[in-house]
Structures are given as structure tokens and as C-alpha cells.
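There are 2 protein chains.
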Amino acid sequence: MEYNFSNKLASLKPSAIREIFKSLSDPSIISLAAGNPAPESFPVKELAKISADIFENSPVTALQYGLTEGYPPLREAVADRLKNKFSIGRDFDSTVIVTGGQQGIELTCKAFCNEGDTVICENPTFIGALNAFRSNGANTVGVELEDDGINIEKLEETIKNTKNVKLLYLIPTFQNPAGITTSLEKRKKIYEIAKKYRIVVIEDNPYGELRFAGKEIPTIKSMDTEGLVVYCGSFSKILSAGMRVGFMCAPNEIISKAVVAKQVEDVHTNMFFQMLCHRYMTECDLDAHIAGIRDIYRRKCTLMLTELENNMPECVKFTRPEGGLFIWCTLPESIDLGEFVKAAIANKVAVVPGTAFNCDTEAPSNAFRLNYSTPSDEQIVKGVRLLAETVKQFLNK
Amino acid sequence: MEYNFSNKLASLKPSAIREIFKSLSDPSIISLAAGNPAPESFPVKELAKISADIFENSPVTALQYGLTEGYPPLREAVADRLKNKFSIGRDFDSTVIVTGGQQGIELTCKAFCNEGDTVICENPTFIGALNAFRSNGANTVGVELEDDGINIEKLEETIKNTKNVKLLYLIPTFQNPAGITTSLEKRKKIYEIAKKYRIVVIEDNPYGELRFAGKEIPTIKSMDTEGLVVYCGSFSKILSAGMRVGFMCAPNEIISKAVVAKQVEDVHTNMFFQMLCHRYMTECDLDAHIAGIRDIYRRKCTLMLTELENNMPECVKFTRPEGGLFIWCTLPESIDLGEFVKAAIANKVAVVPGTAFNCDTEAPSNAFRLNYSTPSDEQIVKGVRLLAETVKQFLNK
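From first to last, the protein sequence lines are chains A and B. Okay, so the first sequence: first residue is 1 according to the numbering used here, each after it adds one. Okay, so the second sequence: first residue is 1001 according to the numbering used here, each after it adds one.
In case anyone wonders, no lab produced these hints; they're calculated from the structure. Everything numeric in this text was worked out from a predicted model, so none of it was measured. Hints are not guaranteed to be accurate.
[As the list claims (entries may be wrong)] Straight-line Cα separation of at most 16 Å, EDC-like style, residue types lysine to aspartate or glutamate; simulated pairs:
| # | chain 1 | residue 1 | chain 2 | residue 2 |
| --- | --- | --- | --- | --- |
| 1 | A | K49 | B | E1056 |
| 2 | A | K49 | B | E1002 |
| 3 | A | K397 | A | E333 |
| 4 | B | K1195 | A | E56 |
| 5 | B | K1188 | B | E1153 |
| 6 | A | K45 | B | D1053 |
| 7 | A | K195 | B | E1002 |
| 8 | A | K45 | B | E1056 |
| 9 | B | K1049 | A | E56 |
| 10 | B | K1045 | A | E185 |
| 11 | A | K13 | B | D1053 |
| 12 | A | K196 | B | E1002 |
Only chain A is shown next, with the shape it has when bound in the complex (with noise of 0.2 Å):
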């Protein structure tokens, strides 16, 4: 049978990452494409702890059926501690739970995009908004990232000669895949820029939680006065990324949309992790948790980075990130990325390709993505010195 898909979806690719990820299974292969959380980083032993008290004390609760907007004390606990500690959210916004960050940008979209309407980006970008953009028959369409930062004034430009344009999506702290992070005064640009023009932000803050050098930034949320921020946060990084479990922080009006549209697509988050999160975050110290994994990722960034430089010829250019997950390797022009991936791989070490978190499907991309929290600090060593080797190879060539 010939099958009639939506057009929506009829081009839309899976993730390239995801795709890679999945094909890594020769063990021999070293891959620095991964997005994972350290498996060092779960709080194992107190999970367990507390799953066994949930089995025990109110196993109906968290087997049965939930409310959409999330576990009510979840909800509370995640906005009291956004409020507390970042200054997000204000009398107009209100807080629910959704199965992962994805979601969280995914329903924005749906709530906002009719097929055929436009999404601004930063280029590169996180390719599972792309294509949660994409699901929704929105067109992406990317804005130079500089290393502040996206650039302020094509910005403005495009947000002038783009028709239909209903939402900006950024990644303002510790961007994937880029691994940038926008300074204070290009937030305050981008939502005078948002308030001017009336349209609606997704500030996409999944990593904001994993700084290990430099000096806090306060979220473009912290700055809506006028309800203009749909803030999407996640529970991933810091605690399970397997038990799925996100929020987001947004106007009422837009929060109730979003909340008819989780409805359709999943009717609740799991209700067990819900209570676990809450459990966790009430019983246990989450913030001693979180200095602990910021311990991990400096220490494994700092290795990636001290053998980049001292293994990779001076022509690859790479970003030194604050924190998060990523690093963002530029090759020179001469070098053929395509080709450049193919032979990593053969040398056993696998990359992500820039062209995946390019806006414009078709536009070309010297540049690839490194994940430092994945792999072991021998792979970490490993891998770098087989990719500094591919280049040698390209340069020699």
C-alpha cells in the first residue's frame, strides 16, 4: 500500500544525533556525539530509597491516572524553586509539568504555528526543536550565532522581512550545539527586540543549571515583565534523563494551551517520577547534587579542552564553554565535512556533523559538535587524539 503522509511530516528526517547514537553499537567506536547526562551524575542510592517509601505509602497515587498540568506538589516545589533561585515567574505565569524539556518547546509551537508560519532561530541550533518546529508545518529560519550571542541586528532584520514570524527560539546559556552562552546586554536587546515586534520567546534552559566557571546570567524570564517568555526547563541533566520529566513557566493563557495540547499527546507525565522529583527535591539536597555533577563536567570538560590543544592542529577552532555539555569544533574551509565525519568514524570516533543543526536543511557546515559528559576520560583522550589524527590526515593530504 502506498501511504498519503501529512505533508508536515513527509520530509521530516529523524534526528541525525539520535540516528547516530543509535548506530554506535561497535563497541569500538568512540562517540563523542552523545548528548547523556554522566551516568556518575544519578542519584542512584536515594532514588532507590525513596521509590521503595512511594511503593509502600502511596503506590495508588503514583499508579493511577494524573492530573495534566502534573503532580500538584511537583509543580509547586519546581516553581518555588525557580522563583527563589533564578527570579522566574510572576503573578501572570504559571508552572506544569511535561514529559522532558522537548515537550515543553514542542507544545509552544503546536499552540502557537499555523503550517506555514515561522520560527526564528539561532544558527546552529538543538535539532530536536528544529524538528518539533518542523512536526508542525512551521518554517525554521536561522539567525547568525556570534560568540556573545545572536546577532543582534540581522535579528531585527529578519524578524522585519520574515512574514508570519510567531516565535524566537534561543538556547541563551550554554547553547547547543555551540556551546555559547549570550551575554547579559544581548538579552536585554533580545527582549526589548521580542516586546517591540510581539512575539513570543522560548528561552530553552536545559544546561543552565551546569556552570563550572564564570559568573551567573540572569535568564531573559527573569526580565518578562510583560508575559512575553515561555521558559522551558528540565529535570535531565541534574537528575534522570531516562525517567523523562520537564517544565515549563509561562503566561496563563499560554500555559492553558499548552496544557490542551499535552492532553492529546500523552494525557500526563509519569506519575511515579513525578513524586520522585518532588520527593527528591524536598527530601534530599538537590543543589549539593548538582555542585557535584558541575565537579564532573569541569573537570571533563577542562580534559577535552587541555587535549584539543595539545593534540589538534592550531587551523581547528574551538569554543571554551562555561558549562553544559558541548563543544563546538570549526574546521578550515579546505576540509570537507562530509568526508571529514566519514573518515572519524572509520578511525573509530564518531562526531556530530554541523549540517544537523542547521536551520536550513540544505545549508553547508565546517563545524562539528564534541560531548565531553558521555564518554570516560580514556575515551575523552582517546577519541581526541584520533580526531586531532583525522585532521593531520585531511591536512596532508
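Based on the hints, put chain B in the right spot on chain A.
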């Protein structure tokens, strides 16, 4: 700020049922409105034991990112069970794990429907499916449901007279809300019509395993020689609703579109509970557990039917289900449904008005849905008597 929401969500209302569920905070109101499995149907002890073992022996797999398609051992166990027990799944089919049966329905619609396309449904039908179709911008067109399933002549007529029909959505077994089971003869005719007009069928079967009377009837998917049927199932009614684990079995090409769409909605389903399901299926006796649930529902349904027979004025008609969770009651035309539901709540008993299940949201109804799985025996007896009194109030007016 005035928000400019998407057309598809602008008019979408939250599910009336889930809104009723939310408003039932008044403990003095007996709810016959829910659709929750009986709390005593959760195998708490076994799940607790397996959970402790997962935390002890495989915590990293359970807490780390997984594959969008689902945890491979669970996919295999589900595919085997569908094949061996229900003759579901051929060489061209795949089985993937989704976040509750609801997600399978929504993903299938996203894969096939452009904004403005049509999904034909039984009328009345499950509100969660109706809203999933609407949230993708699809129109829902209802075809009359008779005692033995959808009206076949009207179905064919509707297909002929409607533009861009992409999907036919059916709950052939213990239909929600009507409690009706489609006869084998009609199932065969439906399949022939799908084949003739090349229309993909979503066979939603969340209640199929809950038969407590009568004889098993083969699913439409088991007749699917051409790759026309998407089968959606769920663990919600046989293990736990709150964990949000369901599955879909469909032709590979459809599954690969659904997987791309799932990737951008929630990346993958909660890993821990996928492992829990797999371990429960392979280490415990799922069939014996389901037999126990059938016993509970047989008893509860019989109790409710007996109370209806003994107390309800004869002018009120009701279905006699052979399984599932619901009884469908039809009021005499002299009684206004909206007034009746309000009066029932004033009398401290809640039901779901039939209007909530109409494909055409403006169409009238003089029926309501009763649930017997969630209330206690005492609540069933008292609730039905309160309803009967409410009917008598109207008859005596």
C-alpha cells in the same frame, strides 16, 4: 499581551472528562464520571520488588536516555504477545512503545493529516482521540454507532461524500463511551471498505483484554493483509495508568513516521517503567493478573446493571457491556441532558454528558456515560440510586 494562537488550538477545549475529574474535589460527590482503572487492579507488590531490583542491578539503563522506538526487550515482549495471543503483526509491521495509547492515536494523525483533512469516527467516541485529531487541524466527522458497531452503509456514504478522508478511527471492542462491541461481520466489512477506498484505520483497543462475558472477537488488525491498520494498545488498564506506557503495531513505513513525530514530542517513553513492564511480562503471570481484573470488573459491572435495573425508570435505556469500563445510558427525549447533569451534581452524583463525545461539538445528545471501575461498590449502589432519583424528579415535573 494579546496572544495570536494557532487555528488548530484556538478553539480546542480541555476534555470535559478531565475537567470534571479536576472539579471533583468535593468528596461528597460520588463520581461515576471517571475512566480510571480500579486501584485494587495494580500489582503493587510485584512492581515494588522488580523496581528495587532495577535500582540495584541496572540503574543506569533505567535513568539514562533510551531509544525513541522503545526499550528493545519490551518491544519484543509486546510484539510476541500480540502475535501469539491475538494474531496481530505481520512481516511488514513493527511494534513500538509510546507514552500511553493516547500518543499512538495522536502520532498517527500527525503522520497522515494536513490541516483541513478529515478523520471519520464512530459517533459518539473517545474525546481524547477527537481532540488529538482537532489539535492537528483535522476535521472529525461522525458516523452513527449501532448496537453491533458503526453503521456500514452510512460509513461508505460518508467516505464517498467527504473530501480528503485520511483516517478511520474505531474502538471496536468495549467502545468508549458506548460500551458496544463491533460484531465480527461488521469488522470484516469495515476492513473491506478500508481496502476499497485505501483509507488507513486506527484500531484503538485499550479495553480489549478486559472481557468478562461473551466470546472473544478477532481484531481488525488480525485481518490486515494489506497494511491498512494501525493498532494502538496500552498497559494503562492492565498494569498502571499513571506510568503512561502504551504501544502501537503498524506497517513499518507508518511506524517510521510515527517515531520521527514521537522523537520531537518526548524523545522516548519513561525508561524505568518500560523496563518494569518488560520484567513484569516475563517474570510474573500477566494473564493471571488480567483474569483477576476481569473478575473485579465483572462483579462491579453486574452490580451497576442490577442497580440500574432495580431503580431506574423504564424510560431510561442502558447498554450491557461484555467488558471494558463503561455503560451508556439514554434518557427519554423529554429530559434535557444539560439540565439533568446539573441536577445530578446538585444531588451529589457526577456523570459525563454525551455531548462531550460528539464528533460535531454542536450536536445534541440525550445520553450519558457511567463508569463502574473507579467507584467502590457502595458508591455504585448509592450513585445509581441518586441518578434514578434525579430522573424521577424530571419525570414528575
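These are the hints, each one checked on the structure:
{"no.": "1", "hint": "K49/A to E1056/B", "in the structure": "holds, 11 Å"}
{"no.": "2", "hint": "K49/A to E1002/B", "in the structure": "violated, 47 Å"}
{"no.": "3", "hint": "K397/A to E333/A", "in the structure": "holds, 14 Å"}
{"no.": "4", "hint": "K1195/B to E56/A", "in the structure": "violated, 51 Å"}
{"no.": "5", "hint": "K1188/B to E1153/B", "in the structure": "holds, 14 Å"}
{"no.": "6", "hint": "K45/A to D1053/B", "in the structure": "holds, 12 Å"}
{"no.": "7", "hint": "K195/A to E1002/B", "in the structure": "holds, 12 Å"}
{"no.": "8", "hint": "K45/A to E1056/B", "in the structure": "holds, 9 Å"}
{"no.": "9", "hint": "K1049/B to E56/A", "in the structure": "holds, 11 Å"}
{"no.": "10", "hint": "K1045/B to E185/A", "in the structure": "violated, 56 Å"}
{"no.": "11", "hint": "K13/A to D1053/B", "in the structure": "violated, 37 Å"}
{"no.": "12", "hint": "K196/A to E1002/B", "in the structure": "holds, 13 Å"}
Taken one by one, the earlier hints fail for this structure at numbers 2, 4, 10 and 11, listed in ascending order.
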